[in-house]
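As you go down the protein sequences, you meet chains A and B in turn. When we follow the numbering used here, the leftmost residue of the first sequence carries the number 1, and every step to the right adds one. When we follow the numbering used here, the leftmost residue of the second sequence carries the number 1, and every step to the right adds one.
Hints were generated in silico from the structure; no laboratory data involved. No residue lacks a Cβ here, since even glycine has one placed at the ideal position from N, Cα and C. Wrong hints could be hidden among the right ones.
From the structure, some residues in chain A lie toward chain B, with a derived Cβ separation under 7 angstroms [what the hints assert, rightly or not]:
hint, residue
1, Tyr37
2, Pro38
3, Ile41
4, Ala213
5, Leu295
6, Lys299
7, Ile301
What the simulated footprint calls covered on chain B by chain A, stretch by stretch (three residues with Cβ under 8 angstroms from a Cβ of chain A suffice, anywhere in the stretch; the number is not a length) [to be verified]:
hint, region
8, 69-78
9, 93-100
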Amino acid sequence: MTETPAGPLKRTPLYDLHRELGARLVPFAGYEMPVQYPTGILVEHNHTRTACGLFDVSHMGQVRLTAKPGQNAAKAMETLVPGDIAGLQPGQQRYTQFTNDAGGILDDLMVTNAGDHLLVVVNAACKDADLAHMQKHLSATCEVEPMFSRGLLALQGPQASAVLSRLVPQVATMKFMTGVYVEIDGARCYVTRSGYTGGDGYEISTPAEQTDAIARKLLANPEVKPIGLGARDSLRLEAGLCLYGHDIDTTTTPVEAVLLWSVGKERRVQGGFPGAATVQKQIVEGSARKRVGLLPEGKAIAREGAGIVIGGKTVGIVTSGGFSPTLGRAIAMGYVERSQSANGTKVDLMVRGKPVPAEIVPMPFVKHAYFRG
Amino acid sequence: MAETKYTEEHEWIRVEGDVGTIGITQYAQEQLGDVVFVDVPAAGRTVAKGEACAVVESVKAASDIYAPASGEVVESNAALADTPGDVNAEPTGKGWFFKLKLADKGELAGLMDEAAYEAFVKSLG
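Next comes chain A alone, as it looks inside the complex (with noise of 0.2 angstroms):
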């Protein structure tokens, strides 16, 4: 999904400050986003994993819902998706995906109960069809609100909760998947503490004229370093975090890419969301293929398309690949039938025609070092 639309790139509030952080920009969703910044890539990762990360997540979709008089957002959203978000409580997060008539998924997204109203971040890529499909099927009990203006900042790492409660004190005990009103500066934001990483930390929705001395004040403190896409993307790949267009897609359901954990555990025996016959059946029978995790042996990295094999024949194809800069080594994502799946199996990775030896593992690659109180 990194294909750009036609037009002009649109920019985030951030552009001039990754302007003046020497960062390389290029075309993503649309937008002009920071790839990386002059340190690159590698030192960006391990500080991340090791200090603190701003990321600008600005060109993310973020979308207001509010119930119509007599009416629940909640229940409402729980028509376009598998996840419980009936079941939220004030102030908690959960991650669920919209999916369409055959189980397969739209998009993967955020939601929050914000009291009141429910707060939706989406995909870039997405957005657009996401808040039309939003309108489409929720307008006659929502108001759905885009709010596609708005700044998005993610601040990821082990410092990452030192660092924001010297602005915002009530955001250290905050607990993984919750979000909280707060005021930065005098700016209204809502923070959640979650993230794209695998690690602690936090995403802070900004007003967008705002968002520009928020990033600054953040970035003064010491631990803290601007992050490019670069290396948000192989953050993620290393918390097994599946990207959107890539590892999931209209193709996959929840199911087969292994996302049940986040399909409510009523909402798979009443259904009630597009494609949950697909989903139930596919619960009970199991999937013809799956999502796994891959270790190359060696150094070579295998991408997204690599062939998987096994006695020369093709079993799946890697969704995701690249290289581990925690772990010192190649790590891929990608799809096999059901029946070669087990933790353990050896498989060949095609890359450039060569077979490389390959074992699927269990993902995360990375251990996931959310805050849980």
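Got chain A; can you put chain B on it based on the hints?
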């Protein structure tokens, strides 16, 4: 006396006698970003000018390296297996890829000299 020539694919070849040492340029390593793996051709392999014969993997992508001239590989840089970052740190020094016994030094005539290569890089913006 050694003479260094450059390709439009941002490889350099330093020729001493009938052996050329090949690597990628400063510009190329900057564009690639952190190099994490280099697949160099084994000694004894014969390559044709323009043939993809090595692969450099950065954290971002895999890129083919093309032989700037035809010949036989006489040595490859084994140290890159352990320290691929040499390509970033010293692209024209410790970060060399392989050495080629040139089949026809006349093939080098079409390559750029340093001044021409610098102008070429400038023209890329």
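Item checked: Agreement of hint A:Ile41 with chain B interface, Cβ distance less than 7 angstroms -> holds, 4 angstroms
Notebook entry, point to check: Hint check: is the beta carbon of A:Leu295 less than 7 angstroms from a beta carbon of chain B?
Noted result: violated, 15 angstroms
Next item on the list: Confirm or reject the coverage of the region 93-100 of chain B by chain A under the rule of 3 or more residues with a beta carbon closer than 8 angstroms to the chain's beta carbons.
Entry: violated (count 0)
Note to self: Does A:Ala213 hold up as a contact with chain B if the rule is Cβ-Cβ below 7 angstroms?
What the structure shows: violated, 30 angstroms
Margin query: Verify this for me: three or more residues of the region 69-78 of chain B with a beta carbon less than 8 angstroms from a beta carbon of chain A.
Written below: Violated: only 0 residues of the region 69-78 of chain B have a Cβ under 8 angstroms from chain A.
Checklist line | Restraint outcome when A:Lys299 is required to lie within 7 angstroms of chain B by C-beta distance | finding: Nearest chain B Cβ about 5 angstroms off; hint holds.
Check: At a threshold of 7 angstroms, is the proposed contact between A:Pro38 and chain B supported by beta-carbon distances?
Finding: violated, 10 angstroms
Note to self: Checking hints one by one. Is A:Ile301 an interface residue toward chain B, by the C-beta closer than 7 angstroms rule?
What the structure shows: holds, 5 angstroms
Checklist line | Satisfaction of the A:Tyr37 interface hint, Cβ to chain B closer than 7 angstroms | finding: At about 11 angstroms, which exceeds the 7 angstroms cut-off, the nearest Cβ of chain B leaves the hint on A:Tyr37 violated.
Violated hints, in rising order: 1, 2, 4, 5, 8 and 9; the structure is consistent with all others.
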